[in-house]
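Spelled out from the first residue to the last, the chains are:
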Amino acid sequence: MSLLPEQIRVLERGWLSANNIVFHEGAEATLIDSGYVTHADQTLALIERALEGRKLVRLINTHSHSDHIGGNAAVRRAHGCRILVPEGMAPAVADWDEDALLLSSAHQQAEPFEFDATIAPGDEFEMGGLRWQALHVPGHDMHALAYYAPQERILISGDALWQDGFGVMFAELHGDPSGLPAQRRTLEMLRELDVGVVIPGHGAPFADYEAAVARALQRLAAFEQSPERMAKSAMKALFTFTLLEKRRMPRAGIGDYFGRVAIFRDVSQNFFHKEPAAVAALVIDELLKAGVLAEEDGDLVSRG
Amino acid sequence: MSIPSPCIDVCRMDAQSGLCEGCLRTVDEIAGWAAAPDAQKLLILAAIAQRRASLLPPLQNPPSAPLCQRGERGDLNGGES
Numbered sequence: 212m213s214l215l216p217e218q219i220r221v222l223e224r225g226w227l228s229a230n231n232i233v234f235h236e237g238a239e240a241t242l243i244d245s246g247y248v249t250h251a252d253q254t255l256a257l258i259e260r261a262l263e264g265r266k267l268v269r270l271i272n273t274h275s276h277s278d279h280i281g282g283n284a285a286v287r288r289a290h291g292c293r294i295l296v297p298e299g300m301a302p303a304v305a306d307w308d309e310d311a312l313l314l315s316s317a318h319q320q321a322e323p324f325e326f327d328a329t330i331a332p333g334d335e336f337e338m339g340g341l342r343w344q345a346l347h348v349p350g351h352d353m354h355a356l357a358y359y360a361p362q363e364r365i366l367i368s369g370d371a372l373w374q375d376g377f378g379v380m381f382a383e384l385h386g387d388p389s390g391l392p393a394q395r396r397t398l399e400m401l402r403e404l405d406v407g408v409v410i411p412g413h414g415a416p417f418a419d420y421e422a423a424v425a426r427a428l429q430r431l432a433a434f435e436q437s438p439e440r441m442a443k444s445a446m447k448a449l450f451t452f453t454l455l456e457k458r459r460m461p462r463a464g465i466g467d468y469f470g471r472v473a474i475f476r477d478v479s480q481n482f483f484h485k486e487p488a489a490v491a492a493l494v495i496d497e498l499l500k501a502g503v504l505a506e507e508d509g510d511l512v513s514r515g
Numbered sequence: 416m417s418i419p420s421p422c423i424d425v426c427r428m429d430a431q432s433g434l435c436e437g438c439l440r441t442v443d444e445i446a447g448w449a450a451a452p453d454a455q456k457l458l459i460l461a462a463i464a465q466r467r468a469s470l471l472p473p474l475q476n477p478p479s480a481p482l483c484q485r486g487e488r489g490d491l492n493g494g495e496s
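In the order they appear, the protein sequences are chains A and B. Numbered per our numbering, the first sequence spans residues 212 to 515. Numbered per our numbering, the second sequence spans residues 416 to 496.
Since the hints were derived computationally from the structure, they do not count as laboratory data. Please read these numbers as outputs of a predicted model, since none were measured by experiment. A few of these clues could be false.
[What the hints assert, rightly or not] The following label-pair restraints were derived from C-beta to C-beta distances:
1. R471/A with P452/B: 42 to 48 Å
2. R427/B with D327/A: 35 to 41 Å
3. D429/B with H484/A: 45 to 51 Å
4. D375/A with D429/B: 30 to 36 Å
5. P216/A with E436/B: 28 to 34 Å
6. S315/A with P452/B: 39 to 45 Å
[To be verified] What the simulated footprint calls covered on chain A by chain B, stretch by stretch (three residues with Cβ under 8 Å from a Cβ of chain B suffice, anywhere in the stretch; the number is not a length):
7. 215-227
8. 246-253
Even for Gly, the Cβ is constructed at its ideal location relative to N, Cα and C.
Isolated chain A, as found in the complex (with noise of 0.2 Å):
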């Protein structure tokens, strides 16, 4: 489907990378987010392809996730392009806070890096010849932001809002409160977008704006109805993710592995009021009965 300019090529990849979007600006290029660091390779195997020659200058990011800043020290090292981050994620980057950047509390590596701007809510600038908004898109993310080309009714939503669905609700996860109300926040300023295409941080570019909004907003109101619902959604998310990161771990572990890992650990006793071994039997027990796990000689392996 070719929904969206010329100038812009999507690089569709998976969940432990975010997708990348290379927007041509005559012979320079802007690139927005750079996958996880174990993918940096590819990841800049598929950019020069992207850039068909063009000198990549800029790497934007729509929030601080590993899965989306993890190739921005292998970019910077490859394209010496600068890198802009938004405002609200610059100290945890500045000063690698690897809990802020939920890298240690959930088990995630990144390369640390460096940026040379913040981009803040509301700021404007030209990619790719067009003209986008930053827009605040706090929930999944406190600090992130989307970015909205309102004259060709283009999106990018990060992990704020994807075609079935949003991001993990970390805050909450991790205690803080705020951060459903403001994901419904969110989610209702962007209802009132006039969007044609999304490109999302994970999974195709899609048309169908407002089915997806009308989605989030019902996944939602079911995580405000039911916490734990919202808990055993993410728990089911963040393992799988960590699965498909370290590809096979042998069953008997994971136990242990909830244990240790603090969003795991966390989550168990906050919003299950079980031990993490408890909690992490119910996770495994339904992601292999959903085929998104399988188990082989006492491993645990990710189906993809």
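Assemble chain B onto chain A, guided by the hints.
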């Protein structure tokens, strides 16, 4: 609903084959996926199935671990697409 991407989050290019070790696509096929028309996506999926078949050693020879994983994951993708 659009044709789902065959990406399984391995995302590592094999220098010898020029294919991703996970989804068995070339750099061009991955980079062009999002903008490709459905007919082209189906051709890429068919090419992946052929590559997988040619990469798998005969059944009587136990495959090496990475190839074994490729085959099993590939079958699952085939079932989904």
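Requested in this report: Compare the structure with the hints numbered earlier in the document and write down the numbers of the violated ones, lowest to highest.
Outcome: Violated hint (a single one): 2; every other hint is consistent with the structure.
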